[in-house]
Every structure is written in structure tokens, then in C-alpha cells.
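*Asks:* Chain residues, written in single-letter form:
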Amino acid sequence: MNIIEVENLTRRFDQLTAVDHITFQVKKGEIFGFLGPNGAGKSTAMRMLCTLLRPTEGSALVSGFDIVREANKVREHIGLVAEKLILYDELTAAENLALFGRLNNLSEKGIKSGIDKWLGRLRMEQWRNHRVGDFSTGMKQRINIARSLLHHPDVLILDEPTLGLDPQTTRAIHEFILELSREGITVLLTTHDMTEAESISHRIGIMDKARIVALDTTKKLKKLLSGGDTTRVDIEIINLSEAILSKVKELENVVSLIQEDTYRMRLQVAGSNTIGAIVNTITSAGGQIRAINTVEPNLEDVFLHLTGREMRDRTSENASAPAGHHRRRTNSRVR
Amino acid sequence: MLQNIKRTLRHGYRIGIKDLTVFSRSRMRLVSFIIMPIFMMVLMGYIFPSQNSLKNAPLGVVNMDQGPLGNQIVSALNQPIPGQNDKLFSLTYLTDEAEAIKRIKEGEINGAIIIPADFSGRITGNEQGTLTVITDQSNPQISMLLSGTLNGLMSEISARLGEEKIASLVPGIDNTQVVIKPFVIETRGVVPGEPNYFEFMAPGLMAMVIMTACMTGLAGSISRERELGTLDGILSAPISRLSIVVGKSFAQGVRGIIQAVITLLLAIGLFGVVIHGNVGLLALLLVLTVFSFIGIGIIISAISSEQETAMIIMTALTFPAIFLSGAFFPLQQMPAAMQWISRLNPLSYSVGALRKCIVLGTNISGMMTEIWVMVGFGVIFVAIAVPFFSKVINR
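Residue numbers (my numbering), protein chains in the order written: chain F, -9 to 325; chain W, 113 to 507.
It is worth saying that the hints were derived from the structure and are not from the lab. Remember, it's a predicted structure, so these values are computed and weren't measured experimentally. C-beta: ideal position from N, C-alpha, C; glycine also. Any given hint could turn out to be false.
[Unchecked claim] Ranges between beta-carbon positions, derived for each pair:
#: 1; chain 1: W; residue 1: F441; chain 2: F; residue 2: T127; range: 47 to 55 angstroms
#: 2; chain 1: W; residue 1: N116; chain 2: F; residue 2: T46; range: 50 to 58 angstroms
#: 3; chain 1: F; residue 1: R2; chain 2: W; residue 2: L396; range: 42 to 50 angstroms
#: 4; chain 1: W; residue 1: S417; chain 2: F; residue 2: Q15; range: 32 to 40 angstroms
#: 5; chain 1: W; residue 1: S417; chain 2: F; residue 2: P157; range: 30 to 38 angstroms
#: 6; chain 1: W; residue 1: S417; chain 2: F; residue 2: D56; range: 21 to 29 angstroms
[Said to hold, decoys possible] Computed cross-link-like contacts, EDC-like style, restricted to lysine to aspartate or glutamate with a CA-CA straight-line distance of at most 20 angstroms:
#: 7; chain 1: F; residue 1: K18; chain 2: F; residue 2: E169
#: 8; chain 1: W; residue 1: K503; chain 2: F; residue 2: D4
#: 9; chain 1: F; residue 1: K18; chain 2: F; residue 2: D56
#: 10; chain 1: F; residue 1: K210; chain 2: F; residue 2: E286
#: 11; chain 1: F; residue 1: K210; chain 2: F; residue 2: E169
#: 12; chain 1: F; residue 1: K17; chain 2: F; residue 2: D4
#: 13; chain 1: F; residue 1: K130; chain 2: W; residue 2: E418
#: 14; chain 1: F; residue 1: K74; chain 2: W; residue 2: E339
#: 15; chain 1: W; residue 1: K118; chain 2: F; residue 2: E47
#: 16; chain 1: W; residue 1: K503; chain 2: F; residue 2: E47
#: 17; chain 1: F; residue 1: K130; chain 2: F; residue 2: D156
#: 18; chain 1: W; residue 1: K118; chain 2: F; residue 2: E98
#: 19; chain 1: F; residue 1: K74; chain 2: F; residue 2: E188
#: 20; chain 1: F; residue 1: K209; chain 2: F; residue 2: D183
#: 21; chain 1: W; residue 1: K503; chain 2: F; residue 2: D56
#: 22; chain 1: F; residue 1: K130; chain 2: W; residue 2: E339
#: 23; chain 1: W; residue 1: K503; chain 2: F; residue 2: E173
#: 24; chain 1: F; residue 1: K74; chain 2: W; residue 2: D344
#: 25; chain 1: F; residue 1: K239; chain 2: F; residue 2: E300
#: 26; chain 1: F; residue 1: K17; chain 2: F; residue 2: E286
#: 27; chain 1: F; residue 1: K209; chain 2: F; residue 2: E226
#: 28; chain 1: F; residue 1: K17; chain 2: F; residue 2: E66
#: 29; chain 1: F; residue 1: K199; chain 2: F; residue 2: D56
#: 30; chain 1: F; residue 1: K63; chain 2: W; residue 2: E339
#: 31; chain 1: F; residue 1: K17; chain 2: F; residue 2: D156
#: 32; chain 1: F; residue 1: K74; chain 2: W; residue 2: E298
#: 33; chain 1: F; residue 1: K213; chain 2: F; residue 2: E300
Looking at chain W on its own, in the form it has when it is part of the complex (with noise of 0.2 angstroms):
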């Protein structure tokens, strides 16, 4: 029984050895091999909109009003951003609001604010004032970010005006700041440093790699060989069908996990993620990935006797894997049913638990969950996939 299990490890290993010698030879692979999380990261990393990266965004400014007040917001409107040339925003001036619409409309401008005529006659009346913020429906993503950035400018100078406003009203007043904004929200995460997009992606990012390494790439290494006639040999082989199966998914692995490695150290190198958590577990926590993908990969190898199938198969598989796993979105943002969806998906789990090594550094205690659940999903799948190639490979 030990000799058994023994031989048929020491086959696979074989197996495996092969599978990546040959790769590491086929150049075109393996430069393929290395640009892809290189291209994947980069994209990811450069594409994504953040607060930070508004610059420059064309804003219209209609400011028909007499007093000081409208100058002095279409000046905090043309700040530099701190410590930098750019601006936040590019004004265009404007005489009314249909010519901002238009504007709007013919895409020259992403926004325009409007400061009415009687603006600082009713601040200074003691009324309230309102100015108005024309978004572009078109563009969403901007839109927020225009409409966040200029709440966030307004209410700063409505709270400067509401200071100077109760300085008057209020002489010998010590603190003026207490009475507009009685508290403030002061941010702070669990981990030094500022929230960052790309410490929420890099780990998606690689827990993906490994599953297309895991599945494509399980699948695709299988019928290759099967179409070039070499799967005959190691069929006809005294080998147990299992060494198959561990040498392919040796060498699959490793590739998933050199391509998470590569990925994670281009998020280190390139967009300063930092990793929080024991290098140790995140080792772990690839190495269950791999675990929890393999039977799944083992399967569909099994079914699909052409390559070609094989890639259909698993583009329809992963590409619903990767949105449904808050790789890239954020489950907490999708509809109740799609949550339970994905709590049915291995991926979900291993970007859990590898946000939170990386991310948040935590230990190994607080994601046993995701731990378990990707044991037990590669336990099961294992466990169907095996019998089931064996059966199917020799037809």
C-alpha cells in the first residue's frame, strides 16, 4: 500500500518535471507565461479610477452672481492640488446654464456648477444659498467623482463662510469651528497607511491566476498532449492513472503560483502594495487555491477531448468564477441573490482570505473559514475527479 502510494507519487513527479521542463523550453510560452500578470496587473493597476487621479477634469462654471462670495469659489476651484502643478479641475467659463447643458451634451465638459445672481446678496442676507451641479449622466464614474470632489470643496467653504458668518454675529467668539462643525470623522484602518485599490485587487488578481494556471491550463496541458499522441505513451505506461493526475496538477500548480508571485511582486514593486500578513500563510493560502481549483480542472480535462473544448468549457466557467468571487467588485455591493451565488464559488473564498493576509494582516486563526471551505471543496472535487479520469481517459 505505502509502496503504492509511493510509486505512484514518484510517477507523477515525473510527470510534473516533464511538464515543466518542456515549458520552460517552449519560449513562446513561457514568454506568454510571464506577460500575463504582468499585463494583467498593469491594466488592472492603471485603468481603475480613484479619488486621487482626478486631474484636470474639464468643469464649467456659470458665475452670474454680483458679490465677492461667487469669486471666491470659482478661485478655490482653481487650487492647484497640493504639492502638485495639475489642478483639480479645468474651468471653463460660461454665461448660463443652457450653454452648459449644451456643452454637457457635446462632450466638451464633464460638469458644470452654477452659482445663481443673487448668491452672495442671500448669504450675506442671512438666507440660504444654493449653488447647482450639472452632471453628465454618460459618464458615472466621473460624475460621482465630480460631484464628491465638489461637496467636498463646498462644504469647506460653506463652513469657512459659516465661521466668518458667526465671528460677526458672535464678537469675542474663541472657537467658531466648534459651532459649524460640532465633531469631525477621523479615518483610521487597521493597518498603517491610506486605503489603496490595488491592495484590494492584487490579491483577486492571483487567487484568478492560479485558477486559470488551475483549469485552462490543467485542462489545456492535457488535450495538448492528447493531440499529439504523446498521452498514448504515458497511457500506455505501468503507471497508475492517479500519477497522471498529480504530475499534471504539480506542474499546473507551480505555474499558478510562480504567475501570483510575479503578480504580487509587480503590486509591491509598481503600486506600493505592502503585504501585512505571515508570508508563510499566504503560501498556504496559494497552495489551498491550487487545491481547491484541481479537481474541478481534472474533470473538465476529462470530458473535453479536444483542446478547443476544453477553452470553451473553461471560459464559460471562469469568467463568471472571476466577477462572482469579489475579485475586482465588491460582493457587499451585489443583489442578495448573486451573494449566495458566490458563496457557492471556491474563488470568493481564497480572495477572502488572501485580501485578509495581505491586506489586513491577519493570522491564521481568523480565516479559518475560508480555509475550511477551500479544503473541502478540493477534497470533494478530488475526490469525483479522479475515479471519473480514470475512467474517461482510456474510453
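Just chain F, with the same shape it has in the complex (with noise of 0.2 angstroms):
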């Protein structure tokens, strides 16, 4: 059963267009992820799917209800954790809890029981009469989950739910997110952390410059990159050149390669007798090798390969950090 329909979904803000005819469908408990770079369309969408936005062209159907025409029915079966935090820093975590129960016509039996509910999963029972203003960012997000989820809702939509927060926070809220699908719970999940998206989504849908370039579970995406026997390698090497990237690229099965930084190349190659030629090639260049690393493809190597692009934009990103430890909550909103 879908429990999400949508189709052709559009919006444009006068000359940009944000969403681009984009159409899928999310089926009953699902974890469905949309990933991609910042800008490329994912939180339009999602904000379309929650009523915030209206479509220009194109509909949807969120638990049976059209988000346009029967937007206050998609309201009550929605909870949303948006990329800014819906909490009032001046209530306590029950006070904003109350007040969006109340919002949602529960009654104050249900909210009562649903504060308990919801605090002592997310473990912030000890924390529900102290003001959300003096929570560290981690358990603020807690309280928003508990929020977004106390009025039962049948989808979960998720716009960066780990943004800016610490490792522990964040591997607990995936685990948290895994339950509630396992329980029935629908969750629609925006990211632009690939490694988030892969650990937690059942399918993913890569959303670039406005529209969905592929989607699927991320061990078919995987497979899109040459039938599937790509491998990734990474070599570090400490006199790296222009010369030596250009002689490695011309190689016959080097199917992609950027540099990374000062040291390292990253490499796209096919066929597994490939890296001798390369170690040759590089070591007859004058290239001394410092290390190499054969890493499996990760989804950040199928964006490249569908884009041509990195998904990570590098000039505002700090090249050499590792993925997913480098990343701030930033106050700019998505379109």
C-alpha cells in the first residue's frame, strides 16, 4: 500500500524552478530517503508534502488525502521535524509538547500520556519541566522528535534530522528512526550526509538540480556505476602533479578521478587487474606512493557518476575533513 503518491510535483519561485515534474511513491513503514546536494530540491519538496508550499503543477497524495485540497486531513497525519527547530526556547519540553498537542485536537488525557510516551522512548523524562532554552542542541532535537510524533502520525517527515549534531546524538536518533518504521511509521528522511542516508533509508531517491535522477535501494544504485564492478581507490601520494593526474586518466579502465586535496587522488576504476597499471603509471611519472586505499562505492560515487559533479560543494566545504564529521547547522533555508 503507498502511503505516499506523488506525481509530477513542481514548484517555481518566478524564473527558478525548485522542484522539477519530480514523481514517486513511498510505501507503508518505509524509511525513504531523498538525497542530494544543498539546493537541489529536497526541502521544497518536502515542505509541499507537508502543506507548506503549494505546488504550481502536479499533485500528491499523502495517506490518501490530497495535500492541496484536503491540506488540514494531510496535517493530521503528518508529524514534521523541519530543518529549523519547532520548540519555543521560553517553554518548558511539556508546555511545547501541550501546546502542539493541543494544536492537534488531542485531548489532555492523550497529551498527558503521550508526553510520557514520547519523553521516556526519546529518554528526556527527567528534562520535561526544565525549559527547552537551556537544552544543548542534541536533546532540543529529542523534544522535536517527541513533538512532531505525539499525535500519532501516520508519516514522519524529516528535514536533517542530524544536522549539527554530535556522533552519539546522531547514531541514536537512526536507531530511534529504524523503531518507529519497524513500528508502522512511514518516514520520509531529507540529507545531504550520503552516509545518513545509507545507513538508515530502505530506498533512496538522489534529487539534483531540481529533479530525481535516480532512485532505488542503494545496493541497485550502486550497481548503476558500470554494471557494478567499479571499484573506488584512493592513493596518497606526497609529490602529487598535474602531470602524474593527467598520465592516470588517461588510463583505459580509470573510469572517473578528482583530487582531493594536495596529497590524494580519488579513482573510479573497473575491473580488478587495474591497479597495477596505476601503481606503474605513477611510480614511471616520479610519483612516490605513500598509501592506497581501495574503498567499496558509496552513494556519494553514484551521485558523481549520474552528475559528473561531486555532491559535497568543495569550496565552501573543508576538502580534507572526513565526510559526515564536518558539518554545520546553518541558518540558510533550502529551496
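Relying on the hints, combine the two individually framed chains into one complex.
*Replies:* Okay, here's the thing in C-alpha cells:
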């Protein structure tokens, strides 16, 4: 049974097309991840599905209700964790939850038991009467998630839910999302963190420039890379130069090559006997190899393969930082 | 239908209570909220000049009169204000008109009075005497006060001289005053007490703080939530868009009325303002003032997506509204065109009705025009604002 059905959903802002005819379905209990760089249109798509933005074209059903004509019905069935926290710093955790419970027409009794249940599950019980403003980002996000679940939504919409959180909280939230999915709650997740998308999503839609460029399970997406037999190789060379790079690029089985930083290059190679040839080429060009790593392809490689670009923006992020550990919460809204 | 209205109001109430709770817990906002009316009232109360406030005004005196009358005038100018230690004027004695003009130009004195050499002589010789008052044009308010006070003082002295003259010309006359001043003017207000600038101003200030709360406050409150991201939470809840309007208006209205009441209490406590009218009617007028501005506030909030834009639009609207409302300057003084514009300004009616109620003690039947106009403004703008808000807010 499809709980979300999206057809040709499109949104234009003046001249800019933020979401361009996207079509997909999500099954009940599924975790569906939207992966793509900032500005790809993930958040705009999400905002349309949670009725915060009207589509310019196309349609979507959430829990069987039309997002435009039956917006309030849709709202009853969704829980939203947006990129910015939906919490009032001046209110306590319980007051925040109670407010949104009341706006969702829960009974006072339902609100009380809901607060007990979700704060308990998210291990925030002892903080219920403390003001949210005093909490750390991770604690706030737990309360924020509890808030989105209080009215028993069918669909949980999470827009970058772990942005700016520490690794422990991120892991705890990932586990919690998986638990919810096992309980039958459908999760729609946007992220620009491929590790996050890969580790919890059942299926992934890769968005780029307002369109869905690929949509499948992680496993099948990886097979897109030259029939699935490509390998990623990271090579660290002490005296890496333009000459070495261009010589390696000319090799027959090298599918793609990018320079990671001053010392490292990242290659996508087909076939299994290629590494020897690459090492020979580098040494004969005078390169001194310090390390070679072969890495299983990940979603970033898929993205690179599909779009010819890297997903992370090299100009704005420190290229040498390990992926997933150098992100911060920004205030700019992604449209 | 009834169920829906009840539900909308209930959600609105929740949002309003939330706004007020959040507000009451943020210390900085609470402090500025209370400081603002105090600051406005005290500032407005003390900066405006009034007739009674003239004290020790530096005045130049050129007394060239050889007779006794010149000295009599000078000593009259030197009299202390009855019941006070201060004098009206602090006199500087000068030798001639040229020096007086020079001192005024240098800013040492605010004006000068010149008593000519033959002053006593002309009067005793049954001719009319002339006194010259030189004013400082760069300071019209002080000049006006100065010439007003001098005129009053001089006409008293001249009346006394006239009486003496008549007594000497018509021996045995009983009441010389009747000849000099056949009648006197007795000024009386409709309520007891002297006319008081604070009574004129306090209602204007009250209407103004309510307007500011409804317009600037409302737009600020919605755009702040938009920027924080919490508005997304409210908008994605299954509530009528009208609930948001109701809740925000309720919270801002309450804040505005509290500020207006603080203003009024200060006016009563510090400046001796007395409420002559019905307190229930006063409360009704405050609520109507909220109502007449809420629609405009909502429209601006819907248009301006950022707090800053909202503030700019609001400032551009509220300033002319204040000046063209008669809150601080009487409308009757303005040119006809401005008076017409002021008639399209809901604030004018609010100020007018509040003034009638507080100062004159008018009852409700005496201000039905103001009340209907405020209701009309409210109904029209709310009717435009609500559908507009619902349409714009989801974009």
C-alpha cells in the first residue's frame, strides 16, 4: 500500500524551478531518503508534502489525502521535523509538547500519556519541566522529534534531522527512526549526508537540480556504476602533480578521477587488474606513493557518476575533513 | 459550523496564551515592554512647555524713563510667582535697544522690554505711552510665552494706572474698575479643574501604544516565528488559518491594552490626570482601538516575509498616523487637506473618543460616531486581511 503518491510535483519561484516534475511512491512503514546537495530541491519537495508550500503543478497524496484540497487532513496525518527547530525556548519541554498536542486536537489525557510515552522513549523524561532554551542541540532535537510524534502521525517528515548533532545523538536518532519504521510509521527523510541516507533508508531518491536523477535501494543504485564492478581507489602521493594526474586519467580502465587534496586523488576504476597499471604509471612519472586504499563505492560515487559532479561543495567545505564530521547547522533555508 | 467556530477560537486562544507565556518569560522583552510607556509618558509629559512652567526666563530691561512709572513696571516684572520662591523673569538691566538686540543674538536673554525716556511724562500728560517688547524669533515657543506673559502683566499695570487716573480725574468715584474693564471673562471647563496638557496628551499616548502593539507587534511576532521556524509547526498543524490570526491578535491586543493602562496609571500618578468618564466605557474603547488596527497589522504581516521589512513598513505607516491623529497636536490647527486625511485615520477616532471619555467624562451616546467608525475600520480591514493572510501564508 502506498502511503505517499507523488506525481509530476513541480514548484517554481518566479524564474527558478526548485522542484521539476518529480514522481515517486512510498510504501507504509518504509524509510524513504531524499539525498542531494544543498539547493537540489529536497526541502521544497518536503515543504509541499507537509502542506507548507503549494505546488505550481502536479499533485500528491499523503495518507490518501490531497495536499492542496485536503490540506488539513494531511496535516492530521503527518509529523514534521523541519530543518529549524519547532520549539519555543521559553517554554518547558512538556509545555511545548502540550501546545502542539492541543493544536492537533488531542485530549488532555492523550497529551499527558503521549508526553510520558515519547519523552520516555527518547530518554528525556527527567527534563520535562525544564525550559527548552537551556538544552543542548541534541536534547532539543529529541524534544522536537517527540513533538512531531505526539499526535500519532502515519508519516514522519524529517528534514536534515541530524544536522549539527554529535555522533552519539546522531546514532541514537538513527536507531530511533529504524524503530519507528518497524512500528509501521513511514519516514520521509531528506539529507545531504550520504552515510545517513545509506545507513537508514530502505530506498533513496537522489535529487539534483530540481529533479530526481535516480531512485532505488542503495544496493541497486551502486550497481549503476558501470554494471557494478567498479572500485573506488584513494591514492596518497607525496609529490602529487598535474602531470601524474593527467597520465593516470588517460588509463583505459579509469572511469573518473578527482583530486581530493594536495596529496590525494580519488579514482573510480573498472575491472580488478587495473591497480597494478595505475601504480606503474605513477611510479614511472616519478610519483612517490604513500598509501593506497580501495574503497567500496558509496552513494557519493553514485552521485558523481550520475551528475559528473561531487555532492559536497568543495569550495565551501574543508576537503580534508572526513565526510560526515564537518557539517554545521546553517540558517539558510534550502529551497 | 458552531463546532468549527468554537474549535477555531480554542486553537486561537492556545496560540495567544503561548505567545503571552513566551513573552512574559523573556526578561529583555518584558523590561522594554514596561519601560516603553513609562519613557513615552515621562518624556512627553516633561518636554512640552506650558504656561505655568515659565520660570526665571532671562529678560533684558532697558529702562530709560525718568519718571516713577518705569520703575513700577520693573518691580512688577521682578515679583516672585505667588506662592513660590522663583520669579517669572530673571532680569538683566541694559542701557539701550542696540545692546538688547545684541544680547538676544548672543543667546544670553530670550527677549527684552524697552521703556522709553518719556514714558511717565506722556502718561501723566494724558498721552498714550508705548512699551516695546523685542522677541527672539529663533525660539518661537519661548517668545510666545514671553509676549503672552508680558502682555498679561502689562495690561494689569496699565489697568491700575488707568484706575488711578480716573480716580484723580473724577473725584469720589466708587468703582473705577467698571470704567477701565466694563466686563471680565470667566473661563470654566465642563469638568472641574484647570485645563491640563497631560489630560490632552495621555489619551493620545494610550491610543498610540495600542496601535504600535497591534501593527508593529503583530507583524514582528509573525515574522519572528517565521524566521525561527516555529511558524512551520503551527502551519503544519490541522488548524484553521483564522486561528493563527485570532491567537496573534489576542496576544498583541492584550499587550497593547496593558501598555495603555500603564500609560494611564502613570498619567494619573505623576501628572494628576483624572478619569472623568466611565471606566467600563474606557475599557471598551481600548478594545475597539485594538480591533480597528488588527486588520491592517495582519495584512502587513502577511506581505512582509522578514522582520526587518515589517518594521520598515510599520514605521512608515505609524508615524504619519500618529501625527495626523491629533494625539499630540490639535487637528484644528492643521490645514484643511491634512484635516481631511486625518479623517481617514482610525487613530484620530480612537484618540478623540478616549479624550472625550477620560477628560470630558462624555458618556457612550456622545461618541457613537467614533465608535461606529472604529468598528467599521475593524470590520473592513479584518474582512480583507483574513482571506489574504490565509492565501499568502502558504505561498
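*Asks:* All hints are to be evaluated individually against the structure, with a verdict given for each.
*Replies:* Hints and how they fare:
no., hint, in the structure
1, W:F441 to F:T127: 47 to 55 angstroms, "holds (53 angstroms)"
2, W:N116 to F:T46: 50 to 58 angstroms, "violated (30 angstroms)"
3, F:R2 to W:L396: 42 to 50 angstroms, "holds (49 angstroms)"
4, W:S417 to F:Q15: 32 to 40 angstroms, "holds (33 angstroms)"
5, W:S417 to F:P157: 30 to 38 angstroms, "holds (36 angstroms)"
6, W:S417 to F:D56: 21 to 29 angstroms, "holds (26 angstroms)"
7, F:K18 to F:E169, "holds (14 angstroms)"
8, W:K503 to F:D4, "holds (17 angstroms)"
9, F:K18 to F:D56, "holds (17 angstroms)"
10, F:K210 to F:E286, "holds (14 angstroms)"
11, F:K210 to F:E169, "violated (24 angstroms)"
12, F:K17 to F:D4, "violated (33 angstroms)"
13, F:K130 to W:E418, "violated (25 angstroms)"
14, F:K74 to W:E339, "holds (9 angstroms)"
15, W:K118 to F:E47, "violated (35 angstroms)"
16, W:K503 to F:E47, "holds (17 angstroms)"
17, F:K130 to F:D156, "holds (13 angstroms)"
18, W:K118 to F:E98, "holds (17 angstroms)"
19, F:K74 to F:E188, "violated (23 angstroms)"
20, F:K209 to F:D183, "holds (17 angstroms)"
21, W:K503 to F:D56, "holds (17 angstroms)"
22, F:K130 to W:E339, "holds (18 angstroms)"
23, W:K503 to F:E173, "violated (37 angstroms)"
24, F:K74 to W:D344, "holds (9 angstroms)"
25, F:K239 to F:E300, "holds (17 angstroms)"
26, F:K17 to F:E286, "violated (29 angstroms)"
27, F:K209 to F:E226, "violated (28 angstroms)"
28, F:K17 to F:E66, "holds (19 angstroms)"
29, F:K199 to F:D56, "violated (25 angstroms)"
30, F:K63 to W:E339, "violated (26 angstroms)"
31, F:K17 to F:D156, "violated (31 angstroms)"
32, F:K74 to W:E298, "violated (70 angstroms)"
33, F:K213 to F:E300, "holds (18 angstroms)"
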